[in-house]
Each structure stands twice: as C-alpha cells, then as structure tokens.
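Using the supplied hints, reconstruct the complex from the two chains, each of which is provided in its own coordinate frame.
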Amino acid sequence: MRPLRRPFRLSVVTAATTVAALTALTGCTEKSGAGADGAIAVTATDTKCEVSKKEFPAGHVELDIENKGSKVTEVYLLFPDDRVVTERENIGPGTKQKVTAEVKEGDYRIACKPGMKGDGIRQDVTATGSGKIAKRDPRLDKAVASYRKYAQEQADATIPLVKVFAEAVKDGDIAAARKAYAPSRIGWERTEPVAESFGDIDPKVDVRADGLEEGQDPEKDWTGWHRLERSLWQDGKLTARDSELADQLVTDLEDWQKRVGKAEITPTSMANGAKELLDEVATGKVTGEEERYSHTDLVDFKANVEGAEESYALLKSVAAENDPELTKELDQQFAALNTLLDKYRADKTGYDFVSYDKVGKAERKELSDAVNALAEPLSQLAAAVVK
Amino acid sequence: MATEDPSAEAPSHEPPSSKAPDTRAPSRRALIGWGGAGLALGAAAAGGAAAVARTGDDGGSPGAGAAVAFHGAHQAGIATPVQDRLHFAAFDVETDDRAEFVAMLKDWTAAARRMTAGQAVGDGAYGGLPEAPPDDTGEALGLRPSRLTLTVGFGPSLFDRFGLAGRRPEALVDLPQFAGDNLDRARSGGDLCVQACADDPQVAVHAIRNLARIGFGKVSVRWSQLGFGKTSSTTPEAQTPRNLMGFKDGTRNIAGTETARLKRFVWVGAKDVDANSAWMSGGSYLVARRIRMHIEPWDRTSLQEQEDIFGRDKGEGAPVGKAKERDEPFLKAMLPDAHVRLAHPDSNDGATLLRRGYSFTDGTDGLGRLDAGLFFLAYQRDVRTGFIPVQRNLAADALNEYIQHVGSAVFAVPPGVRDADDWWGRALFSPSTTEG
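Same order as they appear, the protein sequences are chains A and B.
Just so you know, we're using full-length UniProt numbering here: the first sequence kicks off at 1 and counts up by one.
Just so you know, we're using full-length UniProt numbering here: the second sequence kicks off at 1 and counts up by one.
Take the hints with a grain of salt, since some may be wrong.
[Unchecked claim] Keeping only pairs whose Cα atoms sit at most 30 angstroms apart, straight-line, the calculated DSBU-like set for lysine-lysine is:
#: 1; chain 1: A; residue 1: K204; chain 2: A; residue 2: K258
#: 2; chain 1: A; residue 1: K361; chain 2: B; residue 2: K314
#: 3; chain 1: A; residue 1: K365; chain 2: B; residue 2: K106
#: 4; chain 1: A; residue 1: K68; chain 2: A; residue 2: K98
#: 5; chain 1: B; residue 1: K218; chain 2: A; residue 2: K387
#: 6; chain 1: A; residue 1: K48; chain 2: A; residue 2: K96
#: 7; chain 1: B; residue 1: K106; chain 2: A; residue 2: K316
#: 8; chain 1: A; residue 1: K48; chain 2: A; residue 2: K117
#: 9; chain 1: B; residue 1: K106; chain 2: A; residue 2: K328
#: 10; chain 1: A; residue 1: K328; chain 2: B; residue 2: K322
#: 11; chain 1: A; residue 1: K316; chain 2: B; residue 2: K218
#: 12; chain 1: A; residue 1: K48; chain 2: A; residue 2: K142
#: 13; chain 1: A; residue 1: K179; chain 2: A; residue 2: K53
#: 14; chain 1: B; residue 1: K218; chain 2: A; residue 2: K343
#: 15; chain 1: A; residue 1: K104; chain 2: A; residue 2: K53
#: 16; chain 1: B; residue 1: K218; chain 2: A; residue 2: K365
#: 17; chain 1: A; residue 1: K387; chain 2: B; residue 2: K106
#: 18; chain 1: A; residue 1: K237; chain 2: A; residue 2: K220
#: 19; chain 1: A; residue 1: K96; chain 2: A; residue 2: K54
#: 20; chain 1: A; residue 1: K117; chain 2: A; residue 2: K71
#: 21; chain 1: A; residue 1: K348; chain 2: B; residue 2: K218
#: 22; chain 1: B; residue 1: K218; chain 2: A; residue 2: K358
#: 23; chain 1: A; residue 1: K365; chain 2: A; residue 2: K179
#: 24; chain 1: A; residue 1: K204; chain 2: A; residue 2: K170
#: 25; chain 1: A; residue 1: K117; chain 2: A; residue 2: K163
#: 26; chain 1: A; residue 1: K258; chain 2: A; residue 2: K220
These are computed hints drawn from the structure, not numbers from a lab.
Just so we're clear, the structure is a prediction, and the values are computed from it rather than from any experiment.
Pulled out of the complex, with its shape left as it was, chain B reads as follows (with noise of 0.2 angstroms):
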C-alpha cells in the first residue's frame, strides 16, 4: 500500500538524474509523434525543472509538502491520508480507437507518476522550442510535492466501449434512483475519472489540467469539482475534520492502519472476482456524490434541532448522552431519523464505507443562496453492501431537509500501479483473462 513514510517512497522516486528512460516524459509531443528527438532534447528541462522541486523533499519529515509514493499494491488517494485539497473530474470517453485510448492511459500514468513527484510533465513549463507551448503548465513550478495523490476510477459506461462489456465487474452496478435524488445529468455519470487530492490547491488543479490537456481528442471533461476542508480523516490521530454544517461526522471512519478493516471493507480481494473481473484485485469501488446544503436554512436552525439532527453535541461531536467524541454512541439515545443513527454501521447490518469527502462552495446560485454543500467520496469493496444500503437507510434521515444529491458516480478503481513499467488499467485491457 503506498504510505507516507518517505523511506517506502524511496524506490520509485529516484532523483531525476538517475531516472531510467521510461519512467520520464509523458510529453505530449512524444504522444502526437514527436519521436526520440523529444527525449533527448527534454532530459536537460525536465531534470532541471524536477530538481527545484525535489530538493529537500527526500530526507525530509513527512509534512505537508512531502511526495506520496505513486507506486504500490493500492492506488494512493484511498487509504493514504487524506489532503486537504480536492480536484475530481469525470471524462467521458471521445475516441472509439481501443489502442488511442490505452495509449492515453500510459500518458496519463506517466505524467501523474512523474506530478506525483513534484516533476513537471513531459519537456517541463520553459527552456522548449519557442515557437510550441511547453509540455507543462507551469503553475506547479517550485511548488513541493504537496502529497499529491492521483487516482483513476473506471465507470459503468466505460465497459459499453472498447469490447470490455464483459469485463465490467458485478460489483460495479449502476446505482439507483434515491429517495430525494435531485441529480443533474451534467454533474453526474463519466467513463473514467481522476481524483486529485492535495496539500496544496494549485498543485491538484495543475494535475488534472494537464492530465485533462494530454487527454484532449481522447477524452473530455465531463464535470469536475473542486473541494477543500477535507470532512474525513484516514489517520485517527488526527482532529475529526467539520463539515460546513459545522459538525464532526466520519468519526469512526477506516483508518489507513487499520489493515482488517481495509481488507474486510475497502479492497476488493482475491474471492470477490472472476476471471474476467480479476483485473479489480486489489482496487476499490468509488462512490461520489455531490450534496448540496440548503446553508442558509441550516443556519436558522436551532442548536437543540441540529444537534437532534446529527446525534452528536456541536462542540465535542460527542454522540448523544456521551462526553467524548470517540465514545461508543448509544444509537438508541438517539432520536430515529438521526444521522448518526441511521448511519451507523449498526444500522446497516455493518456496512461500512471508507470516506474521503470534501466541502465545496461554488460561488452563489443566482438566488443569492450560497452554492456550497459536501462531496462525498466513499470507498468500499462492494457498492451493493456498501454505499447502496447505507444511503437507502438514509431516506428517513432528519438531515435530508438540509441537504439535497445533487450528483452521482460511481466508478471502478483498478489496484495500484506496481512499477514503472505498469500503467493504469493495464490488467483490464490486458488481453489475458487472467490477472495481470
């Protein structure tokens, strides 16, 4: 699993001078054809651009600016703990040629191996023919690392396309009509998508704006969303973060340690598959859904109301009848159509969800309403035991008056990328139909 520990990220995020040929230069030249006088020209930049960025990162203290290891059983962006900074897009597939887009996906991991590492993409931001618009951006340029972690999941309409109809996993159902679904078609659904999480703001949005630029003619931005204020946390030593409706939830959220509950929640195991679904061993499933909160409302709200609402105190987020956040909730303290209690995994014949949401505020809405609300991120090994049975529990839930699903997909999230020589989705479009 890839971690923080900088000592585990050692092997594969060498310093540039020592990097083999094929772990550099996603250029986008080289993917129109640019050929080998492409890499030699880039080697120089592309070295000298990674340097300003890797210095001192190495040996440091895992802090905020440190590299997450890109490489690893499990895709980083799951169980690694979670940044404070979110860029999602969904894409939808453009080219009908299986070979393109296979190429696109060995672009895109070799750009987000190198972003990962706090390297510029392909030839780098400056020092290229003058007359061509560089590789990268430049926006990230000096920025560390940022504990960028990029994650691709695959979705339900992807499978319709390239002859992987039937390679899509049962587990990846298509979700259903909720009670209280208010969905936008344009902020819902895409055949793939990138989760960008960050430290820092402007390093996730330059990951998915060159991811998203590499894949032009390939692919399209279907809807993207951009998070901040983390609302859950995979590390419990860590405050549980507030949602803006200024409460603690996900308190008991899985923990990256947490090993068992990884294997017995998160990942997809070796016994979940079949042989044309193997290639999602060791990937998760993802669910994401963008909730709007009537903030204004919320905000008229008595504290008794909402604190009956969540089933926690506003200032401890101890669950009823309790002193500490981190005591055992007592569900049946609790008012019936409480959020908690609806929640919990003891109401849900023990589902549970690994979350990894993020606040939004989009500006206003043109009623002068703030467009703002949580985009929940949940991973899990199975959606039908999963988020399907949780959210169905949730249709009673008190709080659904203060909140409204405004977007939903839900996407297949293959394993890590093991080395330099793997690529996403390599095990699904891999001919064999047999775990690559």
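Pulled out of the complex, with its shape left as it was, chain A reads as follows (with noise of 0.2 angstroms):
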C-alpha cells in the first residue's frame, strides 16, 4: 500500500497494447454472429460440460446455459489466458441461464464449475471471422493464466486466514487475533498490484491512516487490516466497531476473492507488477511505515518478495531467451534478498519474522540496498518479455 492511495494501478489496469486485440468488444450490440438462433447450447451436469458446437462466429455471442447436475454451478467463457470474458454464477441444478457476450475472432474456452469451485471443466472453443489477430507467444499466455491461477489461489487461501483473525477478534481474544493478523495478509501482499487493479477494494482493506482522503474520519470511515493492527497494538483493547470491522474486512476480501478472476493480467502488467511489490517493500516495509503499530513488516516484505518471484519465475523462460544476462541477475538478486530475509528468521518455511523495531538502522540500510539492487533490474523485466 502506498502512503498516498492512487486510484489506479498503471501497469495493470492500463493493459498493454497486446491486449487490446484479444480483449471482448463492447457496445457493439447489432453485430452479425451466432444471434438467437444460433445460440450455444451448454449443458452442465456434475461432471461434464457439453457444448453444442466448437466454432461460431465472431461478435454477439450467447450461452443458453442448463444445470442438469445436482450441484450449484457456474459457467464462463475465458479468454486463452485465463481472463474471464463473462460468467454466470449460482445456477441452481434444474435451472436455466442465458449469457451474452461481444467476442473477437480467435481460442476462447467454455468452462462449468460444478459445485462453484476449482478450475471448472472446459472446453476449447474457437470465434471465426476474416481478419487476423496478432498472435501472442503462447507461453506468454500460459504464463498468464497460471499467474492469475496463482492469485486465485491466494485469495481462496486468504479467506479462511482472515476469518481466524476476524473470529479472533470478534471474541475479543487480543493475543490470538494478534497471532492471526500478519499470516491473514500474505496471499493479499503477495499479489498485491492484482488486488489493487481493483480501485475499489484496496481503500477499504489495506489502508492506513495516512491514506485517508481528506474529510474521512479515522474513527468512522477507516476499514481494514490496519485499523485493527492499531486496536490491537496500540489500543491494547477490542470494541464493539472491531468487531464490526472484523466482519465488513473478511466481506471485502471475499469481494476480492470473487473479482480476481477478471484482473485484466498481461505478461508485461505481470513483469511491472513484480517491480511494483518490490517498490512497495521499497516505500512502506523497509521504513516501518506499513506495520507501525505490529511491526510485522517483515511478513508482508516477505510475501511481496514471494509474489515478485512468482510472476518473474513464470515468465523467466521467455524472458531468458531475449535476455539471458537479465535472468541471470535476477537469479541472483533474488537470491541475495531471500538469503538476507532469512537472516530475520528461525525457521526457513515459516513466517515468524524479527519484530521490525528490533531491525537497526544498519540493517534496515542493507535490506534497502538489497531491494534497490533487485528492483532496479527487474524494471527491466517487462522490456525483455515484449521484446
């Protein structure tokens, strides 16, 4: 979280050019294509997922959707990457749904979740039409959709951390909801430039007190992970409105949770936001600002660092053949971070960080400098993916 909340996360919101030819055209309601009559039928049942055909034509696009299965379901039409072009949630067995869509010519995919959960079963399908769309390097794509897997699955992981801590203090149990807070953060920090594509979200969850805008109350109009890190630490005491911002946190981190599917996620949005986690441990952990009332900076330095690793490590591949020295000093800057990192640890796996006002001047210089030395060449790492 920056100190100053922006409405927008450049890099991820803006999608790069390459995007535009794949993304779903909108307005564009009286376009030719499928029409009622050629409507796709789908079928869900528990385990399957039929469509009625495989190729249609590109622009209006509808989904006459059926649950046949005994489970509730939900129905997108996906993007190559991932990216949902639409969906419908909550069919109940027995029921009917119509989706509509505006699609571009080229691979999309049809898939049902039976029972709302997983990766859903799919089908491949394919929007014809005359023209051509510029083409992505297909591991890019993949690298994509198994990103945004990846943030998927932080959030899933995220909620049953956060209702721990809610309960925690809900219960007004200081010392357990003090213990579940900076482990309910990670899979939010790890994917952090994903959570703020959504502008929304972020205010409400991860601000501090210096993010307020102007004529907000911190006692009324503050929400969120660190309004309770500072009833907990410094307060030393829980309140009714606690537990009501327990209960509004883990509401809009399951919004989140919900959305992620639809970041707009591109291979450079990816490699810009792995600079981004970095720039936030630059600006927020490494100065204490973030934690300033648990001090667990360290936690969340280590989950931005573990996202950034993320995304860099599913674009490495491409990214090494355009520029092998690049990767290789990416290699060992990660390295050197993560070695410096576990100098503030007992144990290698787990997250039980050196408070950070026991982290001296000293090495709070040495934990920047390690930043700046890996930051400054992963700003380049967007530039070796498109090249």
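Here it is in structure tokens:
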C-alpha cells in the first residue's frame, strides 16, 4: 500500500497494447453472429460441460446454459489466458440461464464449475472471422493463465485465514488476533498489484491512517487490517466497532476473491507488477511505515518478494531467451535478498520474522540496498518479455 | 589537464552524429545484457536528446553553461575552475565480483563522459520501450552541460577487496582522530566517492542519481552531501567567496593555472609512487570533512571577536594590520589562536592544500538550529604532508569553539581518463603492476 492512495495501478489496469487485440468488444450490439438461433447450448452436469458447437462466428455470442447436475454451478467464457470474458454464477440444479458477450475472433474456453469450485470442466472453442489477430507467444498466455490461477489461489487461501483473524477479534481474544493478523495478509501481499487493480477494494482493506482522504474520519471511515492493527497493538483493546470491522474485512476480501479472475493481466503487467511489489517494499516496508503498530513488516516484505518471484518465474523462460544476462542478474538478486531475509527468521519455511522495531538502522539500510539491487533490474523485465 | 577552454574540449566532445560507437551508451539495459539491439535502438534517441543539450555550447564562450573536458591527464573537478554547486556521494561496494565492479566502473565512465558533455545517459530519457523505465532519469533534459565535472576517488577500505591490498598507496592513510572530532560513522568513509560539481544543482544531482542507479547491486550510497556557494576559488581573478560565517577564507588557494604549485602540492608525481602504487601517478588525494558550524552562537559573537578568530577583517578580508585581501599576511600580528595564522603554510612547514569546499544547509536539526556549515574538500599530493599536519595544528584554533567536524573521509583520486578507451581506475585494476 502506498502512503497516499492512487486510484489505480497503471501497469495493471491500462492493459498493454498486446491485450487490446484480445479484448472483448463492447457496445457493439447489432453485430451479426450466432444470433438467437445460433446460440451455443451449454449443458452442465456434475461431471460434464457439453457445448453444442465448438466454432461460432465472432461478434454477438449467446450461451444458453442448463444445469442438469445436482450441484449449483457457474459457467465462464474465458480468454486463452484465463481472463474472464463473461460469467454467470449461482446456476442452481435444474435451472436455465442465458449469458451473452461480444467477442473478437480467436480462441476461447467455456468452463463449467460444478459446486462453484476449482478450475472447472473446460471446452476449447473458437470464434471465427475474416480478420487476423496478432498472436501472442503461447508461453506468455500460459504464464498469464498460471499467474491468474496463482492470484486466485492466494485469494482463496486468504479467506479462511482472515476468518480466523476476524473470529479472534470478535471473541475479544487479543493474543489470538495478534497471532492471526500477519498470516491473514500474506496472500494479499503476494498479489497486491492485482488486488489494487480493483481500485475500490484496496482502500477498504489495506489503507493506513495516512492514506485516508481529506475529510475522512479515522474513527468512522477507516476500515481494514491496519485499523484493527491499531486496536490490537496501540489501543490494546477490542470494541464492538472492531467486531464490525472484522466482519467488514471478511466481506471485502470475499469480494476480492470473487473478482480476481476478472483482473486484466498481461505479460507486461505481470512483469511490472513484480517490480511494483518491490516498490511496495521500498516505500512502505523497509521504512516500517506499513506495520507501524504490529511491526510485522518483514512478513509483508517476504510475501511481496514471493509474489514478485512468482511472476518472474512464470515469465523467466521467455525473458531468458531475450535477455539471458538480465535473468542471470535477477536470479542472483532474488537469491541475495532471500538470503538476507532468512537472517530475520529462525525457521526458513515459517513466517515468524523478527519484529521490525528490533531491526536497526544499518540493517534496514542493508535491506534497502538489497531491494534496490533487485528492483532496478526487475524494472527491465517487462521490456525483456515484450521484446 | 582538463580546462575550460572550448578549443581544448574539441577532441573529446564531437557532435553526437560523429560519435564513435564506444563513446556512447552506458545503457543500463546494456549493462544487464540488452546487447546489440539496445545499441541500435539507442542511437537515434540518444542523438536526439544530445542535440538539444549541445546546441550553442561548443563555439560559445566558456561561461556558465559550457562543458568541461572530461578527458585529460588529471581528472576534472580538482584544478578546473570551481563551480557553484556540489553533490558529493560516498559509496560502499556490495559486490565481491571483481569483474562486475570493473564493468560498473566502465559503465560509470561512459555515463560520466556523456553527462559532462550535456548528453543523456544510455538510450536517453524518452522514446524507448513504453513498458520499461528509461535509461536516463530526464531531469537534466534541455539543461546545458553547466560545467559539470565528475571526479572519482577510491577509499582505503576499497583496498581490502578484490585482491587490491598490495596496491594501496602508502600516502592513502587512515586519518587519525583529531581533537574535537565528533564523527558520525554514517556520514564518514566509503569505498569510493564521486564528486559532482556544476553551475546548476539539478545537473549535479542528476549525475549522482544516474550513477547511483547504474551502481545498484554493485555499490550502494553510504552518504551524500549537497553543497552550494563554493567557499574557495581556483581562479585567482575571481572574488574570494565567503563561507557561512561571512568571512573570506582561502585567499591564497592554489589556482588552476599555477602549474608549479599544483605539481608541488596537488598532483602525485612519478617519484611519489612505487610499482604497486604507480596507478596513482597524476592523481591526487582528497580529504572530505563535514564541518558543522554553530551558526547561532557565531551570530551572537561580537564583530571584534569574529575578526580576531579569523585574523581577517570581515569587510575586505584583509589580514590583520593590512588593507587589502591579497596583502601578504603578517601572522605575528594575529592572535596566536587565529584561524588564518594556524592554517597558513608558514605555520605548517609550507603544507598547502587545494581547497574546493562548499557551504551546506541541511535544514534544521530538530532543536531549531540551522544544520549548516562547510563541506570541506581538499586535494593534496600526500595526506601525511597535507591535511594531517594542518588539521593537527588547528587543534588550538579559536574557531573550534564555533565548529565541529562531524563527517570525515579520505580518497585516492586516480589520474584522468585519457581517451574514449580509458576508464576510471583502469590502471588500478589492470593486472600489470607497472603504470598503465
């Protein structure tokens, strides 16, 4: 989280030109296409996702969905990189739903998710047309799809952890709440640029006191993790308001969990997202501003680095081809930063880090230097990916 | 020696269009392996940015916007005319990889060559890939070269690394503890330093910022100091500037044209070096001291006491009993603890320094006091016969009641970069023990 909230993280939200070619058309209602008669019938069961046709003309597309299974399901039309073109949730057993979308020519997938869980049962489909679409390196589509899956997994894994935290707050159990606080943030911190791309969620869950807008009252308008952090560590007491805030945090994060799949992610936004995670470290964590009451900054720090490393790992094969010196440098600097971070935790698989107020000025500078050493070459990753 | 004469800079500052390939592009991207494609991509952008900055400077008068020659027997920024602004940075080395450090010095040299000529670093500040940050940070675009000089020095601690122990010159001693020192470790020392001087502060800051950026992962900034208002001059025709105490100091500073005094007191000569320190021949030793002034007490001091402390009058700058600033001082007329008397070469067996200090003001110190003083920079042929005896003699200085030395560093400043194939520290890092 930045000290001052910005409406959007540009590199994530403003999709690079490469994605424009794949983006669904909008506001184009009279296009010829499958039409009502040409609708694609999707028959969902608990084990199958059958589609009536696998090729259809680009333009207006209608999915006629019938759930013949025993579980509630949801149906997605997906881009090859797993970005959502359109979706319909909560399709009960025995019910029918219609979904429409405007699509450009290209490859897509239809996925049914019986029980609304997992990756779903998928069918490859193609929208045909006369024009040509600039093909992206399929390895990059795969990288984006994998990263999207990672972001979803992080959100999914966060919900139970934040519920543990919220319950402890509501129980008035300060010790348990303090213990559950930092772990509940790890998934968020790992994928923060994606989470922040939904401009409205971040200010609800991760804003700090100094990030409130003019006229906002910290007692009334400040919500999210850091408000509870203040109650737990600075105030040392939990009130009815904190219980409300705990419930609100869960609700807001469930909103994030539902929307992660719709984030616009491109290879360059992944690369720049990795760099942004290091920027988060450089501006908030290394100074101790992020977790000013709990001093759990190093947990966030580690999670940010892990998220950046995930993006990098997925893009590495392409980047290494275009710029082997860069990936060599990045491997080295990630390793160096991780080695340095390991000095601050006894167990290298755990997140029990040294309290940041115990980290001296010289040690903080050492951490800052290591972040600069990694973030500078990391800022070149996007160029190496699109080259 | 580097000079400000525009005709002297011709060989090293051709227009961008005629640039030899090896004079361009310390591209950060190239650094981390962007390779040949980056070179091709950069040619147009860099040329464009450079053209803006260079227009009108080459043939113009050597005024405030001109370029100072980067190549020469000695590094520019020592005997060349003192500019008004300073950004000084000391770095710690982070890497243990000698080749990586050498590569950085080459990249720094290439970047310095361009920046001192008023050109952007690498592929420039715009026009490159939209998804990547530009090579140059851009805040000096459109500004003139502003007589930017970049001067590199190597600290004693550098010689503990990279197998350089045997190459540390004897004259590069660790400074002793002086009476009254209250040194802050975080503002002292450093494995290497860069002194950036320019007429425009933005140009000096731009230079350090870009070098620091190129250095990330290899070196990190240990401390840095901004300076304004030069406190001494290397051009005798210019008026002696005043320090923040309001006094003229350094009237007899060595001028850039005084070849004999420079040779005697500033430049390391062939006889000063052995096979292991031959790389320093043509170089100099730099002492940097952050001297905090107790400004408010000083301002409450009577004029008489102020003048007694310095041994000069405040208006003219004339030494005690004399009429004009440049009149030969009669030291015995001054109080025994007067600053000029104790600092004068005649009180120090002839020891003479080339001073290049700047005033600094870093806001206030939290107690409402101005955090200000003199960032003292002095060049000499040997620290043991230069700064050390003079500073020891100043232990009795009446001025000490109003100043405190809070930062300190010493550096070996190698000779100049000779041509487009040369780089900072080449002779030090070359395998031969004879002078390169």
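Comparing the hints with the structure gives:
1. Proposed proximity of K204 (chain A) and K258 (chain A) is supported: the alpha carbons are some 16 angstroms apart, at most 30 angstroms.
2. Simply put, K361 (chain A) and K314 (chain B) have alpha-carbon atoms about 43 angstroms apart, too far for the 30 angstroms limit, and the pair is violated.
3. At most 30 angstroms may separate the alpha-carbon atoms for a hinted pair to count; K365 (chain A) and K106 (chain B) meet this at roughly 26 angstroms.
4. Annotation: proposed proximity of K68 (chain A) to K98 (chain A) holds, straight-line Cα distance about 15 angstroms (limit 30 angstroms).
5. For the proposed pair K218 (chain B) and K387 (chain A), the alpha carbon gap of about 26 angstroms is at most 30 angstroms, so the pair holds.
6. Restraint check for K48 (chain A) and K96 (chain A): satisfied, since their Cα atoms lie roughly 16 angstroms apart, inside the 30 angstroms limit.
7. The hinted pair formed by K106 (chain B) and K316 (chain A) meets the criterion: a straight-line CA distance of about 28 angstroms does not exceed 30 angstroms.
8. Using a Cα cut-off of 30 angstroms, the hinted pair K48 (chain A) and K117 (chain A) holds, with the two alpha carbons roughly 14 angstroms apart.
9. Only pairs whose Cα atoms come within 30 angstroms are accepted, and K106 (chain B) paired with K328 (chain A) is accepted, the gap being roughly 20 angstroms.
10. As the CA atoms of K328 (chain A) and K322 (chain B) are separated by approximately 68 angstroms, the hinted pair breaks the 30 angstroms bound.
11. Proposed proximity of K316 (chain A) and K218 (chain B) is supported: the alpha carbons are some 23 angstroms apart, at most 30 angstroms.
12. Taking the CA atoms of K48 (chain A) and K142 (chain A), the gap is about 24 angstroms. The hint holds against a cut of 30 angstroms.
13. Pair hint K179 (chain A) plus K53 (chain A) does not hold up; C-alpha atoms about 53 angstroms apart against a cutoff of 30 angstroms.
14. Restraint check for K218 (chain B) and K343 (chain A): the C-alpha separation of about 21 angstroms stays at or below 30 angstroms, so the hint holds.
15. Between K104 (chain A) and K53 (chain A) the CA atoms are separated by roughly 17 angstroms; this keeps the pair inside 30 angstroms, and the hint holds.
16. About 15 angstroms separates the Cα atoms of K218 (chain B) and K365 (chain A), which keeps this hinted pair within 30 angstroms; it holds.
17. Annotation: proposed proximity of K387 (chain A) to K106 (chain B) holds, straight-line Cα distance about 26 angstroms (limit 30 angstroms).
18. Pair hint K237 (chain A) plus K220 (chain A) holds up; C-alpha atoms about 17 angstroms apart against a cutoff of 30 angstroms.
19. Taken as a hint, the K96 (chain A) and K54 (chain A) pair is honoured in the structure, with Cα atoms around 20 angstroms apart against an allowance of 30 angstroms.
20. Annotation: proposed proximity of K117 (chain A) to K71 (chain A) holds, straight-line Cα distance about 11 angstroms (limit 30 angstroms).
21. Distance restraint check for K348 (chain A) and K218 (chain B): the Cα-Cα separation of roughly 26 angstroms lies within the 30 angstroms cut-off, and the hinted pair is therefore satisfied.
22. Taking the CA atoms of K218 (chain B) and K358 (chain A), the gap is about 27 angstroms. The hint holds against a cut of 30 angstroms.
23. About 28 angstroms separates the Cα atoms of K365 (chain A) and K179 (chain A), which keeps this hinted pair within 30 angstroms; it holds.
24. Using a Cα cut-off of 30 angstroms, the hinted pair K204 (chain A) and K170 (chain A) holds, with the two alpha carbons roughly 19 angstroms apart.
25. For the proposed pair K117 (chain A) and K163 (chain A), the alpha carbon gap of about 19 angstroms is at most 30 angstroms, so the pair holds.
26. Restraint check for K258 (chain A) and K220 (chain A): satisfied, since their Cα atoms lie roughly 26 angstroms apart, inside the 30 angstroms limit.
The earlier numbered hints that this structure contradicts are 2, 10, 13.
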